[in-house]
Amino acid sequence: MRHYEIILMIHPDKSEIVSNMIDQYKNVILINNKGIIHRVEDWGRRSLAYPIKKLYKAHYVLLNIEVSCKTIFELESLFKFNDDIIRNMIIRRKKAVTDLSPIMQIKDEPIDIVSDRVNYYNKTKLNI
Numbered sequence: 001m002r003h004y005e006i007i008l009m010i011h012p013d014k015s016e017i018v019s020n021m022i023d024q025y026k027n028v029i030l031i032n033n034k035g036i037i038h039r040v041e042d043w044g045r046r047s048l049a050y051p052i053k054k055l056y057k058a059h060y061v062l063l064n065i066e067v068s069c070k071t072i073f074e075l076e077s078l079f080k081f082n083d084d085i086i087r088n089m090i091i092r093r094k095k096a097v098t099d100l101s102p103i104m105q106i107k108d109e110p111i112d113i114v115s116d117r118v119n120y121y122n123k124t125k126l127n128i
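Residue 1 is where the sequence shown starts when you use my numbering, and the numbers rise one by one after that.
These are calculated hints, taken from the structure and not from any lab test.
You may find that some hints are simply not true.
Straight line, CA to CA, 30 Å or less: simulated DSS-like cross-link-like pairs of lysine-lysine [unchecked claim]: (1) Lys34 x Lys54; (2) Lys54 x Lys70; (3) Lys14 x Lys34.
If you anchor each label on the Cβ, the simulated ranges turn out as follows [what the hints assert, rightly or not]: (4) Ser47 x Gln105: 16 to 24 Å; (5) Asp83 x Asp23: 25 to 33 Å; (6) Asp13 x Tyr50: 25 to 33 Å; (7) Leu55 x Leu30: 25 to 33 Å; (8) Pro12 x Ser77: 32 to 40 Å; (9) Arg39 x Ser68: 33 to 41 Å; (10) Ile7 x Cys69: 17 to 25 Å; (11) Met89 x Tyr56: 31 to 39 Å; (12) Leu78 x Arg39: 16 to 24 Å; (13) Leu48 x Ile17: 29 to 37 Å; (14) Ala96 x Glu16: 24 to 32 Å; (15) Leu48 x Glu16: 18 to 26 Å; (16) Ile36 x Leu78: 34 to 42 Å.
Every residue gets a Cβ at the ideal spot worked out from N, C-alpha and C, and that includes glycine.
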């Protein structure tokens, strides 16, 4: 079994069914093919760098899994024929990744970072 990282870009109008889609893919991985899911992160709706199929936003999901090659081919075909998935990327990893992704780490800390920057700006402004 090999380790893979999968990033899905889902149509923004289908954001409410993302959890159902993830559950469907979990069933394919766990039950049908005896795989292991190390991490599932829902990054939410984010802006795209350029329009894809006349869309400017997409709902992002990250999965880290451990499965066989046969399962990856099955998942690729599921992604390919699902109209709700705009893009997908599957990357082979050397080992399992279970830590929070940098995007989720930033998502948890933005208020502290912003307040630190504002405080720094106010201090430098007063010293001028």
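Subject >> Earlier hints that do not hold, by number >> reply: 1, 2, 5, 6, 8, 9, 11, 13 and 16
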